[in-house]
Amino acid sequence: NAGVTQTPKFQVLKTGQSMTLQCAQDMNHEYMSWYRQDPGMGLRLIHYSVGAGITDQGEVPNGYNVSRSTTEDFPLRLLSAAPSQTSVYFCASRGPAGGYIGELFFGEGSRLTVL
Amino acid sequence: EDQVTQSPEALRLQEGESSSLNCSYTVSGLRGLFWYRQDPGKGPEFLFTLYSAGEEKEKERLKATLTKKESFLHITAPKPEDSATYLCAVEDSGSGGGADGLTFGKGTHLIIQP
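Protein sequences, first through last, are from chains R and X. Positions 1 to 115 (my numbering) are the ones given, in order, by the first sequence. Positions 1001 to 1114 (my numbering) are the ones given, in order, by the second sequence.
Hints may contain errors.
What the hints assert, rightly or not - Calculated cross-link-like contacts (lysine-lysine; reagent style DSS-like; alpha-carbon spacing at most 25 Å):
#1 R:9 <-> X:1042
#2 X:1079 <-> X:1057
#3 X:1069 <-> X:1042
#4 X:1106 <-> R:9
#5 X:1057 <-> X:1069
#6 X:1063 <-> X:1079
Because the hints were derived from the structure by calculation, they are not lab data.
Take these sequences, add in the hints, and give me the full structure.
This is the structure in structure tokens:
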């Protein structure tokens, strides 16, 4: 099992550019989420999904868009990048279908710099 | 609203010097408390889940305990490879948690010196 795979690992953008962070999991998890991690702020939830076709906002959703067309994939789109979106982004998943969802499994992270 | 406070923010120990990390929490109803380890440049890695007061779990040099208000991560005779940031998170069975029911603390940065 690969677990949770994120790409790219590093990305530099200019203000106003758009991009998509990819996330895929091979554990048949229903629940997937995106966090950003900033120094002194801890992990903050951006968006999450409890299953294919279902998404919802987290604590800091502005400037980000998500979709969940399959169980495996949960891409995060930055619509018009801003310097405030410079951060490390983590995708996570939890829970086999139909069971107690339990702990989160995290990807390795995507480090984004917006100039 | 749920709150998770971890202390200390940073801790430097000598190899072999045992200590404890604290995670204080307030929730309307605790479904589970999670401990994670995060190495620099990596994603958090799951360590333990605790569900009810009095519960304890161990893994190598780590032992996690839970009361109704806090959890401790005890580190016995640590080694340099135990250096990492340790994160605590709670899952609320009610409506007081984050949008997905989870609330994370900001972590304790642990350094074990040889």
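Here is how each hint holds up against the structure:
1. Between the alpha carbons of residue 9 of chain R and residue 1042 of chain X the distance comes to roughly 10 Å, so the proposed pair stays at or under 25 Å and holds.
2. Pair hint residue 1079 of chain X plus residue 1057 of chain X holds up; C-alpha atoms about 19 Å apart against a cutoff of 25 Å.
3. Between residue 1069 of chain X and residue 1042 of chain X the alpha-carbon distance is near 29 Å, which puts this suggested pair outside the 25 Å criterion.
4. Proximity of residue 1106 of chain X to residue 9 of chain R is assessed by CA-CA distance (about 23 Å); at most 25 Å being required, the pair is judged to hold.
5. A C-alpha spacing of about 17 Å is found between residue 1057 of chain X and residue 1069 of chain X, which places the hinted pair at or below 25 Å, so the restraint holds.
6. Under the criterion of a C-alpha separation no larger than 25 Å, the hint pairing residue 1063 of chain X with residue 1079 of chain X is consistent with the structure, at around 15 Å.
Against the hints set out earlier in the document, a violation occurs for number 3 only.
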